[in-house]
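There are 2 protein chains.
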Amino acid sequence: MINTHIKKKYLISPNINDVTLTQKIKGKDQDNNFVKTTVIQEKSLTVFLNNQEIVTLMCIDDHPKYLAIGYLLNQNMLKVKDKIKSINFDKDIGVIVIRTNRKTDFEKILKKKVTTSGCAQGTIFGNIYEEIKKIRIPSKTKIKHKWIYDLSKKINHTPSLYLEAGAVHGCVISEKNNPLIYMEDVGRHNAVDKIAGYMFLNNIDPKNKIFYTTGRLTSEMIIKTVKMGMPILISRSGFTSWGVELAKKTNLTLIGRAKGKKYITLSGHHRVQKS
Amino acid sequence: MINTHIKKKYLISPNINDVTLTQKIKGKDQDNNFVKTTVIQEKSLTVFLNNQEIVTLMCIDDHPKYLAIGYLLNQNMLKVKDKIKSINFDKDIGVIVIRTNRKTDFEKILKKKVTTSGCAQGTIFGNIYEEIKKIRIPSKTKIKHKWIYDLSKKINHTPSLYLEAGAVHGCVISEKNNPLIYMEDVGRHNAVDKIAGYMFLNNIDPKNKIFYTTGRLTSEMIIKTVKMGMPILISRSGFTSWGVELAKKTNLTLIGRAKGKKYITLSGHHRVQKS
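As given, the protein sequences belong to chains A and B, one line each in that order.
Take the first sequence: its letter number 207 is residue 207 in my numbering, and every next letter is one higher.
Heads up, my numbering is the position in the second sequence plus 275, with the first residue counted as 1.
Keep in mind the hints are simulated off the structure, nothing from the lab.
These numbers come from a predicted model, not from an experiment.
Please note: incorrect hints may appear among the correct ones.
[Unchecked claim] 20 Å max Cα-Cα, derived SDA-like pairs, lysine to any residue:
1) K248(A) to T489(B)
2) K524(B) to I25(A)
3) K419(B) to K134(A)
4) K537(B) to N251(A)
5) K301(B) to K24(A)
6) K261(A) to P206(A)
7) K534(B) to K261(A)
8) K523(B) to I479(B)
9) K134(A) to Q23(A)
10) K24(A) to I539(B)
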C-alpha cells in the first residue's frame with residue numbers, strides 16, 4: 001500500500017512520475033512468453049571540479065547537482081566552507097562542472113584511492129580514514145524504540161523507483177520519526193552523496209537527524225555518515241566488523257537488521273530510548 | 276537445510292570453518308537484551324603490480340591471491356598471456372605483490388577511472404568499455420530451463436558465509452547444473468574478481484560455463500562476465516537498462532529475477548532450452 005500522505009511530508013523523495021528514469025524492456029519469462037518489465041535507466045555522469053576531471057559515476061540521472069556536490073564533499077575535495085561559484089550540467093553529454101572560489105588541485109589525492117567493499121561508488125581516498133577516526137559524535141540526539149519501526153514502515157510505503165523497477169538502493173534522512181529526504185540510486189553511495197549534496201545546498205543541520213539505508217553497513221557507509229555529522233545510522237541489512245569498530249570509535253549509534261519489530265544495536269546504545 | 280553432499284562436488288566453495296573470516300560481536304536487541312551476533316571480517320588488501328601500487332580493496336581475507344590476480348585481469352592490467360613470475364602476500368600488513376615478466380606501467384590508466392554503479396569494487400577503467408563493445412560471445416553453450424531452478428536451489432543450500440553472517444554477495448560458476456566455483460565477498464566485485472583469478476590460475480575454460488550472482492545486473496557486472504568469456508549470466512536480483520543493452524550487444528544470455536520457478540530472460544533467449 002503506497003501512502004501518498006507520507007510523500008507530502010518529504011522535502012524531497014523519489015519522482016516516480018519521471019518517465020526518463022525507467023524504461024520498459026521486453027523479455028521472456030519462464031514459460032517462454034513475452035513480458036514487459038520496468039528497468040532502471042543507468043546513466044554516466046562525469047564530474048569536473050574547476051579545471052580538473054574528477055570521476056565518472058554510473059547513476060540515476062535525477063539529481064546530478066546533488067550527486068556531484070555530495071560526491072566532492074564526501075571525498076574531501078569540497079570543504080563545507082567553500083563557496084560554489086557555479087554549477088553547469090550538460091544533460092546531453094552527461095557532464096557537470098562545479099566551480100569554486102578556492103583553487104583546487106587533486107592530482108595527488110586522485111592517486112591514493114581505496115576501493116571499498118560496499119556498493120558504488122566504492123572509492124574513498126586514503127586520508128579520509130585518518131580524519132574520521134578523530135571524530136566523536138555528540139550524544140545529545142536520542143532515538144525512541146518505536147521510531148525505528150515507524151521509520152521502516154513509512155519508508156517502505158513511500159512511492160519509490162525501488163517499488164517500480166527494483167535494482168536500486170535507498171537512503172533516507174529523518175528527524176524523529178519523520179522521513180524528510182529520500183534518495184535512490186543504482187549505487188547506494190550515489191544515494192548517500194545525493195543526500196549530502198542536498199543537505200549542503202539547503203543548509204540542513206545533520207546533528208538531530210537519523211540516517212536510514214537499505215544497504216549493508218560496511219565501513220565506508222559508517223565513514224560517510226560520520227563525515228556528514230549524523231549521530232544515528234539504521235539499516236535493514238547486516239554489518240561488517242570494521243563498520244562496527246568505526247562506529248564505536250566515533251560514538252555513532254549503529255542499528256542493523258531492522259526488520260519488522262526486530263533490530264540489533266551494535267554501537268551507541270545510549271541513544272536508544274525504550275519509550 | 277545445508278547439504279554437505281553438494282559441497283563435496285565443488286572445486287572451491289566458502290570455508291565456513293575458517294574462524295578468522297567472521298567475528299562474534301555483542302549487541303543489544305529490540306528488548307534491550309545483550310545478544311551475540313556473527314559479522315563478517317572486512318580487511319584491506321593493497322595490490323602492487325611489479326613496482327606500482329595499484330589499489331587498496333576492502334574485502335574478505337580468504338583468497339588474496341585470486342582476488343589480486345582477478346582484479347588485475349578484469350582491469351586489463353594483466354593480460355591472459357602474461358606470465359606471472361611471483362606472488363607475495365604479507366598477511367600482517369595486507370599487501371600482495373604480483374610480478375610479471377612483462378614490464379607494466381599504469382600511471383596513465385589509473386587516472387582514467389569510471390566509478391560504476393554496482394557493489395565494490397566499483398571502478399572500471401575507461402578503455403574497457405570500448406573493448407567490450409566489440410566482443411560477440413559464441414552461441415553454442417545452451418542452458419536448460421530446469422538447470423536455472425536446480426542451480427538456485429543447490430547454491431542456496433551450500434554452506435556459506437552468507438548463511439553464517441550475512442552482509443556478503445556470492446558468485447558461482449557452474450557447468451550445466453553443477454556448481455563448481457563459489458566465492459563470496461563484502462563487495463560482489465571482489466567475488467567476481469576472485470573467480471576470475473581462480474579460473475586463470477587453474478586454467479578453467481569459461482566458454483561452457485554459467486555465471487550465477489546474488490547481486491544486481493548492472494553494467495559493470497555484464498562487462499566483467501563478457502570480459503571473462505562466459506556466455507550466460509543469472510541473478511536472483513534485477514537489472515539496469517545499460518546492463519541489458521550491453522548484454523544484447525555482446526550476445527550474452529542475461530537471466531534476472533530468478534526466484535523459485537520464475538525468471539526473466541532479457542537477452543540471448545536462443546541459449547535457453549525448454550527441456
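Quick rundown of the hints versus the structure:
no., hint, verdict
1, K248(A) to T489(B), "violated, 30 Å"
2, K524(B) to I25(A), "holds, 15 Å"
3, K419(B) to K134(A), "violated, 56 Å"
4, K537(B) to N251(A), "violated, 45 Å"
5, K301(B) to K24(A), "violated, 46 Å"
6, K261(A) to P206(A), "violated, 26 Å"
7, K534(B) to K261(A), "violated, 26 Å"
8, K523(B) to I479(B), "violated, 25 Å"
9, K134(A) to Q23(A), "violated, 45 Å"
10, K24(A) to I539(B), "holds, 13 Å"
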